[in-house]
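Q: Spelled out from the first residue to the last, the chains are:
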Amino acid sequence: KNQVEQSPQSLIILEGKNCTLQCNYTVSPFSNLRWYKQDTGRGPVSLTIMTFSENTKSNGRYTATLDADTKQSSLHITASQLSDSASYICVVSAEGNQFYFGTGTSLTVIP
Amino acid sequence: KAGVTQTPRYLIKTRGQQVTLSCSPISGHRSVSWYQQTPGQGLQFLFEYFSETQRNKGNFPGRFSGRQFSNSRSEMNVSTLELGDSALYLCASSLSSEFNYGYTFGSGTRLTVV
Chain A
1 KNQVEQSPQS LIILEGKNCT LQCNYTVSPF SNLRWYKQDT GRGPVSLTIM TFSENTKSNG
61 RYTATLDADT KQSSLHITAS QLSDSASYIC VVSAEGNQFY FGTGTSLTVI P
Chain B
1 KAGVTQTPRY LIKTRGQQVT LSCSPISGHR SVSWYQQTPG QGLQFLFEYF SETQRNKGNF
61 PGRFSGRQFS NSRSEMNVST LELGDSALYL CASSLSSEFN YGYTFGSGTR LTVV
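For the record, the sequence lines run as chains A and B.
Take the first sequence: its letter number 65 is residue 65 in our numbering, and every next letter is one higher.
Take the second sequence: its letter number 110 is residue 110 in our numbering, and every next letter is one higher.
Treat the hints as calculated values from the structure; they're not laboratory data.
Yeah, the Cβ is synthetic: ideal placement off N, Cα and C, and Gly gets one too.
Just to be clear, a hint being listed does not mean it is correct.
[Said to hold, decoys possible] Simulated DEER-style distance windows between Cβ atoms:
#	chain 1	residue 1	chain 2	residue 2	range
1	B	55	A	1	15 to 25 Å
2	A	59	B	28	22 to 32 Å
3	A	40	B	55	29 to 39 Å
[As the list claims (entries may be wrong)] To give a feel for the contact side, a few chain A residues facing chain B, derived at Cβ under 10 Å:
#	residue
4	38
5	42
6	102
[Said to hold, decoys possible] Dumping the calculated DSSO-like pairs for lysine-lysine here, alpha-carbon to alpha-carbon at most 30 Å:
#	chain 1	residue 1	chain 2	residue 2
7	A	17	A	71
8	A	17	A	1
9	A	71	B	57
10	A	57	A	1
11	A	71	A	1
12	B	57	A	1
Extracted from the complex, chain B is given alone in its bound form:
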């Protein structure tokens, strides 16, 4: 079965622009969570959606937002990009948001802000 698909794989944007990243979860998975990964900070949790509702949110500014559609696909938006937003953005999906379920990660979107 298909895994978690993230598009695009690579993206270059300039400061001040906005960007939208897409994540298609594994079929049947209703929970989608987003993470930012940088060499210095490691993986940091952004937010999680379950059945179109945001269930959890990490400590990121309001420039980072997301949403989930009825087919469980999710998008993440970053407005007014800053150089520090350059990172690998990972999406993970799970059957449920319950803590005992495993999460499957996509390959990520590499965002470079110049």
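So that you can see chain A by itself, here it is in the shape it has in the complex:
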């Protein structure tokens, strides 16, 4: 069964600290993996997209990694800011244009 699981479900960190969010998937055949950031009351915004051959991709303070062998991805946020408070959603695409969504990690950055 194609599934995407994210952990932790929620996370609270101090401003300036780093954090890592996890995404494990069982989607097959794998096409690509995206991380989205969703602010409260807004639609998701794409952070990174990675295909099978890519191990790391950065977007500013956000760095995503992908291990296609273990079917795991992580999103690392460096030097967190208050504006990083949001839900982070992992989306895995299977060939044939099928999308599978994780339920997200809710991140709260406190001063």
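Dock chain B against the given chain A, drawing on the hints supplied.
A: Leaving out everything else, chain B in the frame of chain A:
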């Protein structure tokens, strides 16, 4: 350039009614997909349209339907509303339905069924 526009932003309906939501994609984008987001289930794919044709469909009952017009604008209709249909409905557009293209989401329509 303008982003993905969804109207209305908020909607309150009673059980048994029907509702139509609208999505205007980014200019030039031909693929429009719809999603339902609830706290318990997260984001769930409803359907995708490309050049007025439904390309993919998620596991939702037939009460959920959609269409796309020649200008790529899309509408989603939900008939015989149930309390469980209360959710944030998101629309996303893309240049193509090919999997390597990124999708841009709108801000959503918050539907409350009472």
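Q: Evaluate each hint against the coordinates.
A: Against the structure, the hints:
1. B/55 x A/1: 15 to 25 Å: Once the Cβ atoms are compared, 23 Å apart, the range 15 to 25 Å for residue 1 of chain A and residue 55 of chain B holds.
2. A/59 x B/28: 22 to 32 Å: About 23 Å separates the Cβ atoms of residue 59 of chain A and residue 28 of chain B, which means 22 to 32 Å holds.
3. A/40 x B/55: 29 to 39 Å: Given a distance of about 31 Å, which is inside 29 to 39 Å, the answer is holds.
4. 38: Holds, about 8 Å.
5. 42: 5 Å, holds
6. 102: For residue 102 of chain A, the interface hint holds, since the closest Cβ of chain B sits about 7 Å away, which is under 10 Å.
7. A/17 x A/71: 27 Å, holds
8. A/17 x A/1: 36 Å, violated
9. A/71 x B/57: This hinted pair holds, its Cα atoms lying about 25 Å apart.
10. A/57 x A/1: Holds: residue 57 of chain A and residue 1 of chain A sit about 27 Å apart, inside 30 Å.
11. A/71 x A/1: 14 Å, holds
12. B/57 x A/1: 17 Å, holds
Hint 8 alone, counting from the list given before, is not met by this structure.
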